[in-house]
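Each protein sequence line maps, in turn, to chains A and B.
All residue numbers for the first sequence refer to the numbering used here, where the first residue is 1 and numbers rise by one.
All residue numbers for the second sequence refer to the numbering used here, where the first residue is 1001 and numbers rise by one.
Derived from the structure by calculation, the hints contain no laboratory data.
Possibly wrong hints are sitting among the right ones.
[Unchecked claim] Subject to a maximum C-alpha distance of 30 angstroms in a straight line, what follows is the list of computed DSS-like cross-link-like pairs (lysine-lysine):
| no. | chain 1 | residue 1 | chain 2 | residue 2 |
| --- | --- | --- | --- | --- |
| 1 | A | K203 | A | K226 |
| 2 | B | K1025 | A | K203 |
| 3 | B | K1025 | A | K123 |
Treat the numbers as computed from the prediction; the structure is a model and nothing was measured.
Listed below, chain by chain, are the residues.
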Amino acid sequence: MSDTALKAPRNAPPRTAAARRTRRSAWSRRRDRRGLAFVAPFGIAFTLFTIVPLLYAIYESLFTSRIIGGTVFSGFGNYHQVLTSGAFWGGFVRVIVFGAIQIPIMLAIAFFFACVFDLGVAKASRLFRTIFFIPFAVPIVVAALMWGFLLEPSYGPITHLANAFGFGGTNFLSSGLILPSIILIAIWEWTGYNSIILYTALKSVPRDVVEAAILDDTPLWKIILKIKLPMVRPAIVMLIFLNSIGALQLFVEPEILSYQGGSITNTWTPIVDVYNTSIANAQYNLGAAMAVVLGLVIIVVSVASMIFRRQRGELS
Amino acid sequence: MTASTLASPGDTAAGPPESRRQRRKRERLQEQAAAIPVHLYGLRRGTVTLITVACVLFAIFTLVPVAWIIINSTKSQTGIFSSFAFWFSRPFDFFHNFALLFQNVDGNGTYFQWFGNTVLYAALGGGGATALAGFAGYGFARFRFRGSKAYFYVIVGALLVPVAAITLPLYLVYAKAHLINSIWGMILPSLVSPVGVYLMRTYVDLSVPRELIDAARIDGAGEARIFFRVALPLMVPGLMTVLLLSVVAVWNNYFLPLIIFTKNSLYPLTVGIGVWSQVAERSGGNSDLYPLVVMGGLVTIVPMIALFLVLQRYWRGGMLLGSIAN
């Protein structure tokens, strides 16, 4: 309690040229150092559990452990192995295909329902809003298990349904259909969440703009596409961004569904590959190199897209 | 967007306490007042019905797995495989299955131990993450110290680093620091929530006026006192949102506990159920674990759905934050 606004100036250091230039009173700087105290607990945890592990992973990725000879420095040997591995890039391409299909479908559905909730053009829309949000509270492990049961090739009810409609012998977990099945699960998991975010963004569209358009006899679909959509564009861009980062990390659904059938390989997605390489095969150094490559790719893509958005004036 | 749309008066104002029913009614009325009457849109007849049907269809899609897990939690293993998936069958095994959750079936672990672990991890990890995010968000929003901008950009940058890419590095550090098979290995990294810090900074910026803090300073209050007495009460709705998001994040975490725990007595629910399901599938239907997987899944999601329904108004506020954050 000693550091009050009135008392502090007396403790000010003798004025130097630099201090005069900044012209900030000493008490405000003292107070500001207290700000550091508020940030410090998070800063320490962040350093220990994000920065340190990342740096350590980079360090570990420069070594190779051999059965004979122990752990030796190998420079960029692991990176060479990762970057020239067809399987690793195959997994990368798979998650990109996954995201390129899942994200647009999900956002289209989410935007449709967000508009419905915003306009109030459905009955009982509060009830639907709550129902659509339920999957967000379901852990992905449980979601993947439930859908795994529903899509199971021999007793799964959705398989029975497909058979009844004449698609006999459909196997949703086969190598040809597993990707669409996981896309379906991801749409189930995330549509409601994205829809609520878009709904709250739509609420910030000024009412008088919409009213003026109605008075001009503008059809509703035009109000949505020409007025509302452009105004929530930043929210949509943010969602594309967040969902893309999520898609690149796809792991839980393929891991859980791999218990049920053999169509998911050990290198199916980059994170599945990292897991199997480092934990199952105990090649920690190689796994570390993979994690670093994955992290770098995501950071490069995000920074590039941020610069792109800033140039177009979409970021302040 | 202004602060007034963020926190509705009932959230922070110190008026007479409002009952839940009154609040719901007020919220509904506010929503109705804000909406433009539907008949003004000049829709064709039947459009509202058509859109409602679309909502019903998507609601069915959403509820199918939930209905399935509720119905099948009452079945025996043969019932799960041979009876119609969306209706009940004899024998009615709900209580039998539920009782199995308290036993260590086939030595693969006890469900309720995992449940307790998960509650512990989520409470300490989520609660701690919220506290750190509250302090840091306030620090970033209301102080300018040397390097504060740079620190903040590092944290925003951390939002972009995939969680999964940090998990293996954490494992490598744990192997050196003897944190494999330690509950702290699970709890401590959960304290780091860059999203929480980001949301809290935005929230403090919008809802804790600078003038109020300056007035308290002139009155001679110390910074700690100002934080706990002046700022904290105004930050509660934002903190609740961050708490909800970080508890869910810990509750759902799978990758980290999967690789750092090798003792099944330390598993959280997600890993435990995953292991059960793996054992059940590998045995080709010979193990009797399927009813446990189904019942375990149900008991995992019920607390979360209940939490969301009870705290609805906070996640709505949180999503609002999400829309500002862009």
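Evaluation of the provided hints:
1. A hinted pair counts as satisfied when its Cα atoms are at most 30 angstroms apart, and A:K203 with A:K226 qualifies at roughly 16 angstroms.
2. Straight-line distance between C-alpha atoms of B:K1025 and A:K203 comes to about 19 angstroms, which keeps the hinted pair within the 30 angstroms bound.
3. Under the criterion of a C-alpha separation no larger than 30 angstroms, the hint pairing B:K1025 with A:K123 is consistent with the structure, at around 18 angstroms.
The structure shown violates none of the earlier numbered hints.
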